[in-house]
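Student: Sequence:
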Amino acid sequence: MTESVANRVKKRTPGRPRSEEARAAILASTLELLEEVGFVELTIEAVAATAAVGKATIYRWWPNKAVLVADAFMSSVIRETRFPDTGSVHEDLRAQMQRLASIFRGPRGRILRSLIGGGQSDPELIEAFRNRWLVPRRTEALGILQRAIDRGQLPADIDRNMLLDTLYGALYFRLLVGHGPLSSGFVDDVCDAVMDGVVV
Numbered sequence: 390m391t392e393s394v395a396n397r398v399k400k401r402t403p404g405r406p407r408s409e410e411a412r413a414a415i416l417a418s419t420l421e422l423l424e425e426v427g428f429v430e431l432t433i434e435a436v437a438a439t440a441a442v443g444k445a446t447i448y449r450w451w452p453n454k455a456v457l458v459a460d461a462f463m464s465s466v467i468r469e470t471r472f473p474d475t476g477s478v479h480e481d482l483r484a485q486m487q488r489l490a491s492i493f494r495g496p497r498g499r500i501l502r503s504l505i506g507g508g509q510s511d512p513e514l515i516e517a518f519r520n521r522w523l524v525p526r527r528t529e530a531l532g533i534l535q536r537a538i539d540r541g542q543l544p545a546d547i548d549r550n551m552l553l554d555t556l557y558g559a560l561y562f563r564l565l566v567g568h569g570p571l572s573s574g575f576v577d578d579v580c581d582a583v584m585d586g587v588v589v
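Residues 390 to 589 in the working numbering are what the sequence shown lists, from first letter to last.
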């Protein structure tokens, strides 16, 4: 644990904390430590100390560090990444992509970049990332596209997975490679270039 984290370790208070309070403290502490030390150096012991809980409390909910980290990241962005329902699939996607790009530009973007990078050599981490972050977000997005098909805004035979890869792949590419800014204008350009070619 770094000295800066150690200085902020909370003292235990008498009695056991309520479950939801403990869970929230664990997730917040995990994010805090991820920003400071990264995934490799993060330990369950440090999270427990910072959250003022026992290690057993953490393992009661999360089987390993990878799943904990994936859940901590997801919990911090889930509300911001939900899709609106404006009546236009083009605008729904644009708004959600802008929110996601805003997250990518900040501290949580650096965390996500390190998780994806670390997952290339850590099977547990990449599995947790896919199951806890990617699959739920993708399932929601596929539902948004199906809603647009039902409304007659997209062709019934469109490849929804290909469409999502084309839209969001550009954002993840810039997040990971960093060859260009993930600006609001870039997001608009990507969304328009893709959606103008498929919206009925």
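If you're looking for bench data, these hints aren't it; they were derived computationally from the structure. All residues carry an ideal CB built from backbone N, CA and C; glycine is no exception. Incorrect hints may have been included.
[What the hints assert, rightly or not] Pairwise CB distance ranges (calculated):
no. : residue 1 : residue 2 : range
1   : Pro570    : Val426    : 33 to 41 Å
2   : Pro452    : Gly541    : 38 to 46 Å
3   : Asp548    : Glu409    : 35 to 43 Å
4   : Arg519    : Ala417    : 32 to 40 Å
Student: That 35 to 43 Å hint for aspartate 548 and glutamate 409 (C-beta), does it hold up?
Tutor: 41 Å Cβ-Cβ, so the 35 to 43 Å window holds.
Student: Assuming the hint says 32 to 40 Å, is it satisfied by the Cβ distance from arginine 519 to alanine 417 or not?
Tutor: Check failed, 24 Å falls outside 32 to 40 Å.
Student: That 33 to 41 Å hint for proline 570 and valine 426 (C-beta), does it hold up?
Tutor: violated (27 Å)
Student: Between proline 452 and glycine 541, is the Cβ distance one that fits in 38 to 46 Å?
Tutor: holds (45 Å)
Hint violations for this structure: numbers 1, 4, all remaining hints satisfied.
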